[in-house]
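Let chain A serve as the given structure and place chain B on it in line with the hints.
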Amino acid sequence: MLRRMLLAAALGTLTAAAAQGQTPVKIGVLTDRSGVYADIAGEGSLVAARMAVEDFKAADKGLKVEVISADHQNKPDVGSAIARQWYDRDGVDMIIDGVTSSVALAINQVTKEKNRTFIDTGAGTADLTGVQCTPNTVHWVYDTVALANGTGGAMVKRGGDTWFFLTADYVFGQTLQRDTTAVVTKNGGKVVGSVKTPFPTADFSSFLLQAQGSGAKVIGLANAGGDTINAIKQAGEFGITEGGQALAGLLVFSSDVHSLGTKVAQGLVLTEPFYWDLTDATRAFSDRFAKQMGGKKPTANHAGVYAGTLHYLKAVEALKAASDGARVVARMKDMPTDDPLFGKGTIRVDGRKIHDMYLFEVKKPAESKGEWDLYKLLATIPGNEVFRPLNEGGCPLVKG
Amino acid sequence: MTTIFGVPMQALFGQLLLGLINGSFYAILSLGLAIIFGLLNIINFAHGALYMMGAFVAWMLLNYLGVNYWWALALAPLLVGAFGIVLERVLIARLYKLDHLYGLLLTFGMALIIQGLFRNYYGVSGLPYAIPPELSGGQRLPFMFLPNYRAWVVVASLAVCLATWLVIEKTKLGSYLRAATENPTLVQAFGVNVPLFLTLTYGFGVALAGFAGVLAAPIYSVNPNMGADIIIVVFAVVVIGGMGSILGSVITGFGLGLIEGLTKVFYPEASATVIFVIMVLVLLVKPAGLFGRAA
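Residue numbers (our numbering), protein chains in the order written: chain A, 1 to 400; chain B, 1001 to 1295.
FYI, nobody ran anything at the bench for these hints, they're computed from the structure.
Listed below are several chain A residues computed to face chain B (Cβ distance under 7 Å; list not exhaustive):
(1) S205
(2) G226
(3) G239
Pulled from the structure, derived: some chain A residues nowhere near chain B, Cβ distances all over 12 Å:
(4) P135
(5) K157
(6) V191
(7) A284
(8) G343
(9) R348
Note that beta-carbon positions come from the ideal geometry of N, C-alpha and C, so glycine has one too.
Pulled out of the complex, with its shape left as it was, chain A reads as follows (with noise of 0.2 Å):
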């Protein structure tokens, strides 16, 4: 009796949503509410996140989108644990943003296994596309390769063949010294040294003496975050610069320029896929999302969580079904994605999302025009050349 009453539910339910023909899609935006990489991330994606599914007119297309959103505290446990219980309680069925590439890898397991999807926009680590790649996870902004290839490339080219990396001491710095490492020797460069730091840190006076001991032309920062904002500014303050030796921020957002502003960041060489000030479309978007940020300017990691959320609600509304991540995602690397804010651009098999990368120096303060008028652009880089090539990740889903 009890049965036939349960599956008498469930059949009316069923029944409930079919009527309305209404897709639920549940979306979690995993990502550092309130550490270092708070402004990269944080609150601006879930902001990126629903302004997607505004503009996707989800409602009109058959589909009924939540987004939800929660701190994994750039622990990777937290991140899984959170991951875990959203698949398999709540009903989430992709997650997005992962920023902190050691929380990335355990999310990019955890979603593997309950065979949802995870679009990663905030991590670095190549190895979400290459070793560790699953069937489940698109890696969409930029990742270690790609920086290397931009802003080490660009550097060797300028005559800063000599380097010395201060690295976070974590899978994200790692990967990257090791990536930039490759492209600087492939150049002709060489890597005089290194230090690894513990992560965060405050203090890199003692790391950035060591740097200058070495007598490198060049100083890679193989950091994120407030990280690179510290060794920045202690950098300008013991006449580093000055001395000779450049700094290469690997990896840098237009938050943490910002943050510095223009007078202690001058001349800083770095490359980002995505800048607010490219394009009318891109300026508009920026604008929306400022409105609802308190002023602030949206970083490439939100443009991306607003282009893959578009890319992945495409992918669904095909399929009229979210819970086979699988499928999702290979629907997702079937069709070619264009968007406002990375334009035309592909998905490859091993899940790298392919778009251009830019090279840009951050402005003198008596060119800048306001507070977030921060950089000019340098160079524009292909996707196809910037990314690492298909069969050269170690990827098991590439065959041959």
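What follows is chain B alone, placed relative to chain A:
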């Protein structure tokens, strides 16, 4: 060139000097904690948040009111100290009769609230605060380039620590304070207003945190998490020095800064943990801390 374990002597001198500079921050912060613990028996977990407030108040004074660094150095500790006095009167004063644990939980909660409020409003990337023009630039020493500002940090913090120690050890006010630490009931019987003393002591300890915050503003990123990062280390310093020992906290602060500096040369990966290893060792051998008296 002479080397020690493969590191040139000259580089070593530089690193020791840098260790001393970091030790300055540990010393001022642990001094405030030690004073507060000595007299109030409160383990003040809000200390880091108040240090952060000191830096933010300096930034606000500059950007909203145009008040320069030197004035901020005097004003910000006063403002933060006043804020601390309000906290003590309204909240902490209610906990003196209870177990340590309640004070710890209350101040920890306050720290989270203060940090959360600043994070909500200013974000985590931090705000720029320039080194005052009088102290920009640096000296080229034989073994390193020493920024003037860093030298100033060591001088200022040594002066403040010394002045505090003198007041507590050599003045009448300080003798009341030491007596009240020893036996508050008896001191009150002599007609000293002990509750007022407690309030002012908390205000002073907190003002020291605010002062350290202003010192830190030009060299570290002024951001809401700056206090949370440093406070755990400072607690370890206080535990190693001996809870409540004024001189102990200052000496340990500078000493551990030096040890941390050396670790950054020989095994940088461990520089974030070395202080805690020392803490464990000290607790095993001398549970009351290096300068503490056994209870």
